[in-house]
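Let chain L serve as the given structure and place chain V on it in line with the hints.
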Amino acid sequence: MAKHVKVANEAPPTDAQIHDAVVGIIAGFAKKFPKDIKDLQELSGDLRIPDENMGFLAMALRAYVKHFRPDQTVTISEIRKPKQTVGGAVDVVRKRIRA
Amino acid sequence: MRPAFPLLLLFVARAIYGDCAAPAPQSTPQAATTPSPTAKKSFLEKWQERGFSVHQAFDGSRAESRPASIAYLQPLYSADIAAKLAEWDPLRNCEQHSMPIGPVVEWHRTNTPKKSNLVSAKLNIEFFQSQLRGFLPDGTPTAGPPGVTQHTVGYYATYKPALTEDVLTHTISADHVFVVSPISNKNYYPSAITVNAEGRHLWRYVLSIGAEYYGNKDLFDRTSTEIKTADLTFARARLFVVGWPFNANMEDRNEVSADFTYRGRVGGQHVLPDSHYLSVQVTHYADKKHTIGVGVEYDHGRDPNQKFQNLKQGKVSLRFSL
Chain L
1 MAKHVKVANE
11 APPTDAQIHD
21 AVVGIIAGFA
31 KKFPKDIKDL
41 QELSGDLRIP
51 DENMGFLAMA
61 LRAYVKHFRP
71 DQTVTISEIR
81 KPKQTVGGAV
91 DVVRKRIRA
Chain V
1 MRPAFPLLLL
11 FVARAIYGDC
21 AAPAPQSTPQ
31 AATTPSPTAK
41 KSFLEKWQER
51 GFSVHQAFDG
61 SRAESRPASI
71 AYLQPLYSAD
81 IAAKLAEWDP
91 LRNCEQHSMP
101 IGPVVEWHRT
111 NTPKKSNLVS
121 AKLNIEFFQS
131 QLRGFLPDGT
141 PTAGPPGVTQ
151 HTVGYYATYK
161 PALTEDVLTH
171 TISADHVFVV
181 SPISNKNYYP
191 SAITVNAEGR
201 HLWRYVLSIG
211 AEYYGNKDLF
221 DRTSTEIKTA
231 DLTFARARLF
241 VVGWPFNANM
251 EDRNEVSADF
261 TYRGRVGGQH
271 VLPDSHYLSV
281 QVTHYADKKH
291 TIGVGVEYDH
301 GRDPNQKFQN
311 LKQGKVSLRF
321 SL
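Chains as they are written, first to last, in this note's numbering: chain L, 1 to 99; chain V, 1 to 322.
Chain L with its partners taken away, still in its complex shape:
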């Protein structure tokens, strides 16, 4: 059962590092350069990430969180919820890593 259970062995990232990492991941799903991604942009409304792809985006953010905090997670509904913004997604990830 425990073959995939990881133990965090890295110092937690700073807020700026979390922000850059999350924006970098979102950029790859929004098909935009990271410099064009703004915190207030909505993942669905502004960046137009398709619903199906949004589920995979949530899984990518989940994997990033679990790299530092294997006991924490990110759910698809948290990321796919209407009007979720880039800043909101960064906040979800930051809170889970700091939990």
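To be clear, the hints were calculated from the coordinates, so they are not data collected in a lab. Incorrect hints may have been included.
With beta-carbon atoms standing in for the labels, derived distance ranges [unchecked claim]:
1. V/V316 <-> L/R98: 28 to 38 Å
2. V/E226 <-> L/R98: 51 to 61 Å
3. V/T140 <-> L/Q17: 19 to 29 Å
4. V/E251 <-> L/R98: 54 to 64 Å
5. L/Q17 <-> V/F320: 35 to 45 Å
6. L/K38 <-> V/L44: 17 to 27 Å
7. V/T149 <-> L/K35: 26 to 36 Å
8. L/R98 <-> V/L44: 23 to 33 Å
9. V/A258 <-> L/T14: 43 to 53 Å
10. L/K83 <-> V/V241: 26 to 36 Å
11. L/Q17 <-> V/N216: 24 to 34 Å
12. L/T14 <-> V/V119: 48 to 58 Å
13. V/P245 <-> L/T14: 40 to 50 Å
14. V/H276 <-> L/R98: 47 to 57 Å
We put the CB at the ideal spot given by N, CA and C, even for glycine.
For chain V alone, kept in the frame of chain L given last:
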């Protein structure tokens, strides 16, 4: 026909007894943090975080990504509204897959060519497989989460068992829809938005295959005669294509789409022929977030949401999204 059940049970069992269980909470040294303002959330926002959303339908078609619709048809009307109430994910601790499950209520009504008024309660079960690789507009792969194997193509499956009441005849049918699609972020691949070098959206297509079972269903048969309590199983294949012309401001306000589904009967009664359903839409959204739009639509073929009526109709519709 309920082929998805064993598969889904396998995944649920894997989540409960498998390798996705979250380890015990641990303490982590705190890095320097910038406190973020915690805005008070509204009632609606709290429900949205739990998975509440409103769309045109949750039926495995492109209606899932469209706003709910109330349309006027000379001077009658149709309505297509679906609300997903919440979401729970037994695989929420897995990195390579996820399975959100949520109850859905739907209402589909039309007055032409024949009256149809259907209310459904269903379970929306989605399954996501693989970590997807992201791509920049110039085609460069983005850095993913550390220590995770990424793939150019992932797989997305949905299974939707439903109970549907025909309000006009007071009969209840049991429907099952199972669909699988390949998903990618890479230009020209399925489900990926293909962009130019600046990041302007050009077009996107989605492919899927699946199966549908309708039990005790009231429907309009090949002679457009309404028959009751039919049992039918279809294999289905679908191609959805959408493009965004005149998109200089990169807001995708003009949208042209075609959704084609082919259904071949593989079991049950011989009351319907193999059939297609094509829906072509042109929509202009009033805002860049696509919350309100006006569209024209032409539907051709048999729509399961309208009791398999053989439709040939155009309509002007107002679209809204919560």
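Here is how each hint holds up against the structure:
1. V/V316 <-> L/R98: 28 to 38 Å: violated, 50 Å
2. V/E226 <-> L/R98: 51 to 61 Å: holds, 60 Å
3. V/T140 <-> L/Q17: 19 to 29 Å: holds, 21 Å
4. V/E251 <-> L/R98: 54 to 64 Å: With Cβ atoms ~35 Å apart, the hint is violated.
5. L/Q17 <-> V/F320: 35 to 45 Å: holds, 39 Å
6. L/K38 <-> V/L44: 17 to 27 Å: holds, 24 Å
7. V/T149 <-> L/K35: 26 to 36 Å: This hint holds: roughly 28 Å between Cβ atoms.
8. L/R98 <-> V/L44: 23 to 33 Å: holds, 27 Å
9. V/A258 <-> L/T14: 43 to 53 Å: Holds: the Cβ-Cβ distance is about 47 Å, inside 43 to 53 Å.
10. L/K83 <-> V/V241: 26 to 36 Å: holds, 27 Å
11. L/Q17 <-> V/N216: 24 to 34 Å: Check failed, 57 Å falls outside 24 to 34 Å.
12. L/T14 <-> V/V119: 48 to 58 Å: This hint holds: roughly 51 Å between Cβ atoms.
13. V/P245 <-> L/T14: 40 to 50 Å: holds, 43 Å
14. V/H276 <-> L/R98: 47 to 57 Å: holds, 52 Å
The structure is inconsistent with the numbered hints 1, 4, 11, although it conforms to all the rest.
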